[in-house]
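Number of protein chains: 2
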Amino acid sequence: MDEEFVVGTWHYVLAKHAKAMCALERELGDKHGLGPSEFEVLDRIVRHDKDLRIQELCDEVHLSQSALSRVVARLEKAELVARGVCHNDRRGVFVCITDAGRTRYEEALPTQRAVLAEIFSDAPALAR
Amino acid sequence: MDEEFVVGTWHYVLAKHAKAMCALERELGDKHGLGPSEFEVLDRIVRHDKDLRIQELCDEVHLSQSALSRVVARLEKAELVARGVCHNDRRGVFVCITDAGRTRYEEALPTQRAVLAEIFSDAPALAR
DNA sequence: GAACATTACATGCACTCGCATCTAATGCAA
DNA sequence: TTGCATTAGATGCGAGTGCATGTAATGTTC
Chain A
1114 MDEEFVVGTW
1124 HYVLAKHAKA
1134 MCALERELGD
1144 KHGLGPSEFE
1154 VLDRIVRHDK
1164 DLRIQELCDE
1174 VHLSQSALSR
1184 VVARLEKAEL
1194 VARGVCHNDR
1204 RGVFVCITDA
1214 GRTRYEEALP
1224 TQRAVLAEIF
1234 SDAPALAR
Chain B
1114 MDEEFVVGTW
1124 HYVLAKHAKA
1134 MCALERELGD
1144 KHGLGPSEFE
1154 VLDRIVRHDK
1164 DLRIQELCDE
1174 VHLSQSALSR
1184 VVARLEKAEL
1194 VARGVCHNDR
1204 RGVFVCITDA
1214 GRTRYEEALP
1224 TQRAVLAEIF
1234 SDAPALAR
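Line order of the protein sequences matches chains A and B. According to the working numbering, the residues represented by the first sequence are 1114 to 1241, in order. According to the working numbering, the residues represented by the second sequence are 1114 to 1241, in order.
A few chain A residues facing chain B, derived, Cβ under 10 Å: (1) Glu1116; (2) Ala1128; (3) Cys1135; (4) Leu1176; (5) Arg1226; (6) Leu1229; (7) Ala1230; (8) Ile1232.
Simulated crosslink set (DSSO-like; lysine-lysine; CA at most 30 Å straight-line): (9) A:Lys1163 <-> A:Lys1144; (10) A:Lys1190 <-> A:Lys1132; (11) B:Lys1144 <-> B:Lys1132; (12) B:Lys1163 <-> B:Lys1144; (13) B:Lys1190 <-> B:Lys1132; (14) A:Lys1132 <-> B:Lys1163; (15) B:Lys1190 <-> B:Lys1144; (16) B:Lys1132 <-> A:Lys1163; (17) B:Lys1132 <-> A:Lys1132.
These are calculated hints, taken from the structure and not from any lab test. All C-beta atoms in this analysis are idealised placements derived from N, C-alpha and C, irrespective of residue type, glycine included.
With the sequences and hints as input, model every part of the structure.
Here it is in structure tokens:
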């Protein structure tokens, strides 16, 4: 177990995460009124492309259940997604994207991609 | 510019960051009463090994200046570091580690290393 | 079916963060 | 020296997060 490699990888992750998060927050926020978490959640919903249980989202996004609940609430307030109770299990809530949500996502996607390209393209694959 | 690689790298960073941060927060917090930021700052101070300006710390840690200021305030309150005014530039503040701080850091280091090893050792170098 | 455990999601709370701003010290120009 | 810009660090504030807990629906055991 190469400790130096492990720590090096951790520092790489810390640096890239900080830089990317900061840039995404700025770019997505200024240009599209979305935070990184909002974008991430929209992204998952769009790619899943059918109604999605909050619970399923929870597994895919790196957020606590409570944080996710609030992100969805914010997205719903902005009318980018709609919530509804599950018919099968009335404890459950499904989320689906609205037309406005899809449009917003599609507008924001190139911005996100540009930020990531800027930050990761000059970064060669993490190699020993 | 391979978009798939860029996005893949980003997802890797997101996943590892979330997992590591969560584990560090839990382990360092429960076992040593330190948050990840506190540990990070102690780490930099110990490695620099002579008095360090807040400003210098700011460049090395992935925190805003205000967040750093508060982390140092917390560490000082816990008597793990001491603050003092710079003699050369009396706007400046230098930070040095106390004996208790060094001890705490040395206790916490193996915990941090164990967490990182657990998370990154099974992760081969990010390769295309 | 009554009582209790579990699950899904929402919410109160405390905490950390970044941004904007404040204070104090320094640098610089006239 | 005076006046103004800049820099170092602290702080008020709003926002987002996780943990613990609350509420309601479901499952389970007797």
